[in-house]
Amino acid sequence: MSGHIEPMIGRYVHVEIGSEMHRIYFEENGEGIPLICLHTAGSDGRQWRHLLADEEFAKHFRIIAFDLPWHGKSNPPASWRGEEYQLTTARYTETIRAFCRALRLDKPVVMGCSIGGRIVLNLAIDHAAEFRALIGLEAADFQAPWYDTAWLNRPDVHGGEVCAALVSGLMAPQSPEVARHETLWAYKQGGPGVFKGDLYFYRVDGDLRGRVEKIDTKVCPLYLLTGEYDFSCTPEDTKRTAAAIGGARVEIMEQLGHFPMSENPPRFRRYIAPVLGEILAQSNPTKQKQGVHA
Amino acid sequence: MTPSSNATDATVARAFSGIRELLEQTPALIARGRYLDCDCLLGPMVQPFHVSIRAGRIIELTLAPVLMRSWQFAYRASSSAWAEYWHSMPRAGWHDLLALTKRGEAVLEGDLHPFMANLQYFKDVLALPRSRFAAVAS
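Sequences listed follow chains A and B, in order.
All the letters of the first sequence, read from the start, carry residue numbers 10 to 303 under our numbering.
All the letters of the second sequence, read from the start, carry residue numbers 8 to 145 under our numbering.
FYI, nobody ran anything at the bench for these hints, they're computed from the structure.
Hints should not be assumed to be uniformly reliable.
Said to hold, decoys possible - Pairs of lysine-lysine residues, derived as DSSO-like cross-links and limited to a Cα-Cα distance of at most 27 Å, are as follows:
(1) Lys197(A) to Lys82(A)
(2) Lys197(A) to Lys130(B)
(3) Lys223(A) to Lys248(A)
(4) Lys248(A) to Lys109(B)
(5) Lys82(A) to Lys116(A)
(6) Lys130(B) to Lys109(B)
(7) Lys109(B) to Lys197(A)
(8) Lys68(A) to Lys116(A)
(9) Lys116(A) to Lys223(A)
Unchecked claim - Covered, in the sense of this in silico footprint (three residues per stretch, anywhere, with C-beta under 8 Å from a C-beta of chain A), are these stretches of chain B:
(10) 77–88
(11) 91–103
(12) 106–113
Said to hold, decoys possible - The following label-pair restraints were derived from C-beta to C-beta distances:
(13) Glu222(A) to Arg61(B): 48 to 58 Å
(14) Glu15(A) to Asn13(B): 50 to 60 Å
(15) Arg279(A) to Ala62(B): 39 to 49 Å
(16) Ser77(B) to Lys197(A): 48 to 58 Å
(17) Asp216(A) to Ser24(B): 43 to 53 Å
(18) Gly117(B) to Arg100(A): 29 to 39 Å
(19) Glu222(A) to Glu28(B): 55 to 65 Å
(20) Glu28(B) to Ala253(A): 49 to 59 Å
(21) Glu186(A) to Asp118(B): 27 to 37 Å
(22) Glu93(A) to Ser138(B): 52 to 62 Å
(23) Arg279(A) to Arg61(B): 39 to 49 Å
(24) Val114(B) to Ala290(A): 44 to 54 Å
(25) Ile66(B) to Pro283(A): 47 to 57 Å
Ideal Cβ placement from N, Cα and C applies to all residues, glycine included.
Whole structure, please, built from the sequences with the hints as guidance.
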């Protein structure tokens with residue numbers, strides 16, 4: 010309908026990261042338990058627009074999606090002079106925690122996808138007590154590389170085209186064509202070297218093998234959901250990771266790939282609604298019967 | 008690499024030889040490859056095709072081997088992998104060219120620049136038999 014205005018509101022919050030102030034763009038909707046949503050490598054918070062606009066979820070959760078620096082509408086910091094961008098485990102962890110502090114969030118839930126799913130595991134290892142629950146989508150402690158990231162940023166290959174073409178096959182063929190194209194559009198718009206720089210965390214710096222065993226799900230519940238068509242973080246990668254973590258909950262999402270929240274939002278909703286319902290029930294027993302399905 | 012039957016080999020080879028015609032019926036895909044000139048080796052592992060592409064059009068598609076014919080890059084997969092890839096709704100792990108290389112069902116060799124610079128073009132060109140393969144295979 011022409012004139013329809015979606016419910017999420019976008020603003021900037023100033024966040025100190027690495028002793029430097031960053032303008033971080035975020036969108037939010039809803040009231041209740043803070044739910045931070047982390048986008049995939051090389052993309053931005055638009056991936057979460059369907060979840061942000063979900064009226065039922067918004068009754069119980071303050072849904073927030075922010076763009077990492079260098080991504081979407083969050084610019085690089087003022088000190089940047091064109092140096093190569095590289096995301097590290099320490100920097101990514103600090104960014105999420107600083108963002109939560111800047112918004113004064115009380116024990117938020119963090120849900121991240123891909124690199125966001127990997128960093129969720131790191132939050133569970135080192136900072137579990139700060140969070141109400143952690144949700145890793147397409148998350149594993151490690152996954153085997155399947156291409157050379159040098160192709161993502163070189164002057165004789167169009168960065169937007171190659172980034173999008175590489176990830177296009179990570180979506181399920183059943184996902185609606187319009188949603189698949191929208192998912193790829195963010196990859197076509199990413200800044201030069203940003204996707205590659207994010208993958209430094211994924212490929213080089215963020216190997217969590219041998220560390221996830223330390224996760225205590227009694228301190229903070231952990232949910233891992235992976236799409237069956239994700240051949241980057243495969244269902245087997247997620248199951249192997251979960252097998253090392255006592256109490257971790259695992260779900261393999263049929264007919265979904267690496268971008269469940271954007272490639273097929275209604276199908277993803279079927280899987281995430283029970284998880285959010287359980288988190289809500291644990292946070293507020295009076296809501297136990299109500300859930301978030303209706 | 009998954010072994011395939013002679014019948015699968017023959018069906019896949021037949022489907023592959025029809026790609027040129029299918030591409031001619033897809034002008035938007037030709038337009039996407041308009042800056043691409045390349046001689047490459049594509050198709051089944053055992054007996055691939057020499058494919059010559061000019062301005063996004065396949066101008067020649069000839070069964071290998073051709074004596075002393077050069078190629079810039081090769082993408083070859085097992086016949087059973089092509090048969091899986093060409094399902095109208097392929098199974099997980101068989102649905103993308105690079106999913107096939109990751110699982111060891113396909114091999115990518117040579118100078119990869121034309122392949123990577125035109126990656127979505129090659130994914131879509133090599134998926135063209137998907138629309139017909141079920142009928143051809145039955």
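Results for each hint:
no.: 1; hint: Lys197(A) to Lys82(A); result: 15 Å, holds
no.: 2; hint: Lys197(A) to Lys130(B); result: 17 Å, holds
no.: 3; hint: Lys223(A) to Lys248(A); result: 17 Å, holds
no.: 4; hint: Lys248(A) to Lys109(B); result: 19 Å, holds
no.: 5; hint: Lys82(A) to Lys116(A); result: 26 Å, holds
no.: 6; hint: Lys130(B) to Lys109(B); result: 15 Å, holds
no.: 7; hint: Lys109(B) to Lys197(A); result: 24 Å, holds
no.: 8; hint: Lys68(A) to Lys116(A); result: 18 Å, holds
no.: 9; hint: Lys116(A) to Lys223(A); result: 20 Å, holds
no.: 10; hint: 77–88; result: violated (count 0)
no.: 11; hint: 91–103; result: holds (count 6)
no.: 12; hint: 106–113; result: holds (count 4)
no.: 13; hint: Glu222(A) to Arg61(B): 48 to 58 Å; result: 56 Å, holds
no.: 14; hint: Glu15(A) to Asn13(B): 50 to 60 Å; result: 57 Å, holds
no.: 15; hint: Arg279(A) to Ala62(B): 39 to 49 Å; result: 45 Å, holds
no.: 16; hint: Ser77(B) to Lys197(A): 48 to 58 Å; result: 33 Å, violated
no.: 17; hint: Asp216(A) to Ser24(B): 43 to 53 Å; result: 45 Å, holds
no.: 18; hint: Gly117(B) to Arg100(A): 29 to 39 Å; result: 37 Å, holds
no.: 19; hint: Glu222(A) to Glu28(B): 55 to 65 Å; result: 56 Å, holds
no.: 20; hint: Glu28(B) to Ala253(A): 49 to 59 Å; result: 52 Å, holds
no.: 21; hint: Glu186(A) to Asp118(B): 27 to 37 Å; result: 32 Å, holds
no.: 22; hint: Glu93(A) to Ser138(B): 52 to 62 Å; result: 43 Å, violated
no.: 23; hint: Arg279(A) to Arg61(B): 39 to 49 Å; result: 47 Å, holds
no.: 24; hint: Val114(B) to Ala290(A): 44 to 54 Å; result: 51 Å, holds
no.: 25; hint: Ile66(B) to Pro283(A): 47 to 57 Å; result: 55 Å, holds
Taken one by one, the earlier hints fail for this structure at numbers 10, 16 and 22, listed in ascending order.
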